[in-house]
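There are 2 protein chains.
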Amino acid sequence: MTRRFEFEKLGQDGKARLGVIHTPRGDIRTPAFMPVGTAATVKAMMPESVASTGADILLGNTYHLMLRPTAERIDRLGGLHRFMNWQKPILTDSGGFQVMSLAQLRKLTEEGVTFKSHIDGSKHTLTPERSMEIQRLLGSDIVMCFDECPALPADRDRIAESMRLSMRWAQRSRDAFGDRPGHALFGIQQGGLERDFREESAAALKQIGFDGYAVGGLAVGEGQEAMFDCLDYAPDMLPEDKPRYLMGVGKPDDIVGAVARGIDMMDCVLPTRSGRTGQVFTRHGVVNIKNARHADDPRPLDEHCSCPACRNYSRAYLHHVFRAQEMISGMLLTWHNLQYYQDLMQGMRDAIAAGTFDDFQRDFHAQRAEGDIEPL
Amino acid sequence: MTRRFEFEKLGQDGKARLGVIHTPRGDIRTPAFMPVGTAATVKAMMPESVASTGADILLGNTYHLMLRPTAERIDRLGGLHRFMNWQKPILTDSGGFQVMSLAQLRKLTEEGVTFKSHIDGSKHTLTPERSMEIQRLLGSDIVMCFDECPALPADRDRIAESMRLSMRWAQRSRDAFGDRPGHALFGIQQGGLERDFREESAAALKQIGFDGYAVGGLAVGEGQEAMFDCLDYAPDMLPEDKPRYLMGVGKPDDIVGAVARGIDMMDCVLPTRSGRTGQVFTRHGVVNIKNARHADDPRPLDEHCSCPACRNYSRAYLHHVFRAQEMISGMLLTWHNLQYYQDLMQGMRDAIAAGTFDDFQRDFHAQRAEGDIEPL
Numbered sequence: 001m002t003r004r005f006e007f008e009k010l011g012q013d014g015k016a017r018l019g020v021i022h023t024p025r026g027d028i029r030t031p032a033f034m035p036v037g038t039a040a041t042v043k044a045m046m047p048e049s050v051a052s053t054g055a056d057i058l059l060g061n062t063y064h065l066m067l068r069p070t071a072e073r074i075d076r077l078g079g080l081h082r083f084m085n086w087q088k089p090i091l092t093d094s095g096g097f098q099v100m101s102l103a104q105l106r107k108l109t110e111e112g113v114t115f116k117s118h119i120d121g122s123k124h125t126l127t128p129e130r131s132m133e134i135q136r137l138l139g140s141d142i143v144m145c146f147d148e149c150p151a152l153p154a155d156r157d158r159i160a161e162s163m164r165l166s167m168r169w170a171q172r173s174r175d176a177f178g179d180r181p182g183h184a185l186f187g188i189q190q191g192g193l194e195r196d197f198r199e200e201s202a203a204a205l206k207q208i209g210f211d212g213y214a215v216g217g218l219a220v221g222e223g224q225e226a227m228f229d230c231l232d233y234a235p236d237m238l239p240e241d242k243p244r245y246l247m248g249v250g251k252p253d254d255i256v257g258a259v260a261r262g263i264d265m266m267d268c269v270l271p272t273r274s275g276r277t278g279q280v281f282t283r284h285g286v287v288n289i290k291n292a293r294h295a296d297d298p299r300p301l302d303e304h305c306s307c308p309a310c311r312n313y314s315r316a317y318l319h320h321v322f323r324a325q326e327m328i329s330g331m332l333l334t335w336h337n338l339q340y341y342q343d344l345m346q347g348m349r350d351a352i353a354a355g356t357f358d359d360f361q362r363d364f365h366a367q368r369a370e371g372d373i374e375p376l
Numbered sequence: 001m002t003r004r005f006e007f008e009k010l011g012q013d014g015k016a017r018l019g020v021i022h023t024p025r026g027d028i029r030t031p032a033f034m035p036v037g038t039a040a041t042v043k044a045m046m047p048e049s050v051a052s053t054g055a056d057i058l059l060g061n062t063y064h065l066m067l068r069p070t071a072e073r074i075d076r077l078g079g080l081h082r083f084m085n086w087q088k089p090i091l092t093d094s095g096g097f098q099v100m101s102l103a104q105l106r107k108l109t110e111e112g113v114t115f116k117s118h119i120d121g122s123k124h125t126l127t128p129e130r131s132m133e134i135q136r137l138l139g140s141d142i143v144m145c146f147d148e149c150p151a152l153p154a155d156r157d158r159i160a161e162s163m164r165l166s167m168r169w170a171q172r173s174r175d176a177f178g179d180r181p182g183h184a185l186f187g188i189q190q191g192g193l194e195r196d197f198r199e200e201s202a203a204a205l206k207q208i209g210f211d212g213y214a215v216g217g218l219a220v221g222e223g224q225e226a227m228f229d230c231l232d233y234a235p236d237m238l239p240e241d242k243p244r245y246l247m248g249v250g251k252p253d254d255i256v257g258a259v260a261r262g263i264d265m266m267d268c269v270l271p272t273r274s275g276r277t278g279q280v281f282t283r284h285g286v287v288n289i290k291n292a293r294h295a296d297d298p299r300p301l302d303e304h305c306s307c308p309a310c311r312n313y314s315r316a317y318l319h320h321v322f323r324a325q326e327m328i329s330g331m332l333l334t335w336h337n338l339q340y341y342q343d344l345m346q347g348m349r350d351a352i353a354a355g356t357f358d359d360f361q362r363d364f365h366a367q368r369a370e371g372d373i374e375p376l
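Listed in order, the protein sequences are those of chains H and X. No gaps in the numbering here: position 370 of the first sequence is 370 in our numbering, and each next residue is one more. No gaps in the numbering here: position 59 of the second sequence is 59 in our numbering, and each next residue is one more.
Some hints could be false.
Given that identical chains are not distinguished, each listed pair holds provided it fits within a single copy or across any two copies.
[To be verified] Listed below are the simulated SDA-like cross-link pairs for lysine to any residue, each with C-alpha atoms no more than 20 Å apart in a straight line:
id : residue 1 : residue 2
1  : 123       : 324
2  : 88        : 308
3  : 290       : 77
4  : 290       : 119
5  : 290       : 68
6  : 290       : 120
7  : 88        : 6
8  : 88        : 312
9  : 43        : 326
10 : 290       : 374
11 : 43        : 278
12 : 116       : 323
These aren't lab readings, by the way, just hints derived from the structure by calculation.
So here's chain H without its partners, still in its complex pose:
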């Protein structure tokens, strides 16, 4: 196992890239989907179950962890991997995005952002330097630059101002991160849906130099068409030989479209959150398990899926335990959704390797268009 962080590109089909990120904690096969483990747990899952779905890496949320149980406590306890019993790589976000979406009484300055905790109202400050410190204390393998990002739509002045602040923070993040062999720091491209700003941001990041590059500021309300328009050019502005990470995306068709446009890594709460609300992803689209049509249905959610929900239970059972608000409902449906997402990534990796990614995309959309199996 390597002691270095290194991206190896193994193949390409159109713009879709096949690769592997070597890290001291193990390889990350790309395109990769990262399940979200916000508060040191992927909700409703045991970590060994997450690994069994094929996940090579998790995402942890700096904002949540700095508030509870705190980065200093996790550090004292041996770091986030040991704390949450996940020995594979962990990527942590910078906290910036979630301060803006969750915290109260935010105040943004050149220095950073002060805010009150949504948990207990306590006052905190995040700066590029503090974010780097927190992510170091957590023991994150892939650290994200501290950035700021406006909700879309926003006017060009606001987008430019925010992007340029984020680029200054990117330099401060780089300086504060220092030299940490085996650990990676990713820059985050901003610029909204403005091509010239995306170009300016990419140039600034490349000038600084990072181990990987994220496309930030998307999936914030602009819709899939606008996002894809931006992804038609934004990833191409980033270095060919480094991983490209699209933050906070997304639905299965978002993910396939992003990979088709040259994205290597993604994360989203959708498979886990949906698992707790009874929304299930299958090859044939979305199934709402609370629907009465499933009450007497002895068939599995997806006969081709290898997860425990599909191997061991009927739709009728999954419907019953959802209606009865039993914890096993969230446990099984989350497991299924994560399995679906990882199977989707494996299918794309196989297709890119075989040079059949166009066929893969066509089949993917055709199966979804068929819709769920007919009621009995």
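Since chain H is already given, all that's left is putting chain X on it; use the hints.
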């Protein structure tokens, strides 16, 4: 594997009995603790995890299952074992006790009891005959007679009247159950804390003849001392060559005391319910994981326990996920509690086999008296 239901007594130490119940779905080692799977799930647990703790049998609740998803639906789907993915034996209660504790607008007659569902207010009737039918539809391996039981304290007239009604219902249950090879019907002794009524009830049940005998009407508010006083004589009134089941018990020290008095089987929601409220059972007594003393504690709940909560996580982590109301808290603590209960049963079985049950009891109480490990 036998096709018959058969109790084999393997040893005895004092009044404590070691045995095995052979059933077509597998052996049940006694003394046995049965985790409760009320609504076709042991809350917060995968069934394979329940089995991994050493549980040979689960309890299912007729009252809950008849209301949702209904016994007829479970029957159409292949029975409760298949529905909930548990292939080992299942014991179902008769529904009588929970109608009295949960349902609304109950009306009790010689025929049975009518009530309104606590879920949707719908009207239902349970009789000995209907209870037998529901338990047959569920596919239960051990069926309990339909009975009625007053909360204690109650006056002697009320206790006698209730006990005699339950004995008439026991005969009707026996008649309705019929001849079902491989399936067992257990009678339930009533009579409160009145020795003469316990004697009368035992005589009535033996006259009818059952595959096993429960001690009912205890653990309903009388306290441990009164319960043990009753258990000093009540089990002795039941046939030596059949399993004896103490319903709804209990705390770890209740269980040890009951085994010492000749009980072979027990069930209780305590390990599972406590797992969801942060109350943990260990050899050293009860630990409340929400207590701030655990926030920085890197040690496991119990260094000698083999469950995932103890093998893979610190008290600090368990404290954190409980405070953060993460589902993994209930999942891990429930698993631990069930492991503790099953380890306790295995310890008692080993001690009875070795003829050292008195030593076992002394050590059990001595370790609990020590209390939890000192804070760091």
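Comparing the hints with the structure gives:
Taking the shortest alpha-carbon separations for residue 123 and residue 324, only the inter-copy value of 19 Å comes in at or below 20 Å, while the best intra-copy value is 40 Å. In the homo-oligomer, the alpha carbons of residue 88 and residue 308 lie at most 20 Å apart only across protomers (18 Å), although the nearest pairing inside one protomer, at 22 Å, exceeds that limit. Taking CA atoms no more than 20 Å apart as the test, residue 290 paired with residue 77 passes between copies only; the shortest distance there is 18 Å, against 41 Å inside one copy. For a Cα distance limit of 20 Å, the shortest separation of residue 290 from residue 119 across copies, 16 Å, qualifies, whereas the shortest one inside one copy, 31 Å, does not.
Taking the shortest alpha-carbon separations for residue 290 and residue 68, only the inter-copy value of 14 Å comes in at or below 20 Å, while the best intra-copy value is 33 Å. Taking the shortest Cα distances, residue 290 and residue 120 sit within 20 Å of each other only across copies (17 Å), while inside one copy they are farther apart (34 Å). With identical chains, the CA atoms of residue 88 and residue 6 are at most 20 Å apart within one copy only, with a shortest distance of 15 Å there and 49 Å across copies. In this homomeric assembly, residue 88 and residue 312 come within 20 Å of each other (Cα to Cα) only across copies, at 15 Å, whereas the closest approach inside a single copy is 28 Å.
Both within a single protomer and between protomers do residue 43 and residue 326 lie at most 20 Å apart by alpha-carbon distance, with minima of 15 Å and 7 Å respectively. In the homo-oligomer, the alpha carbons of residue 290 and residue 374 lie at most 20 Å apart inside one protomer (16 Å), although the nearest pairing across protomers, at 48 Å, exceeds that limit. In the homo-oligomer, the alpha carbons of residue 43 and residue 278 lie at most 20 Å apart both inside one protomer (14 Å) and across protomers (17 Å), since each shortest distance falls under that limit. Only between protomers do residue 116 and residue 323 lie at most 20 Å apart by alpha-carbon distance; the minimum there is 19 Å, versus 37 Å within a single protomer.
When each numbered hint is compared with the structure, no violation occurs for any of them.
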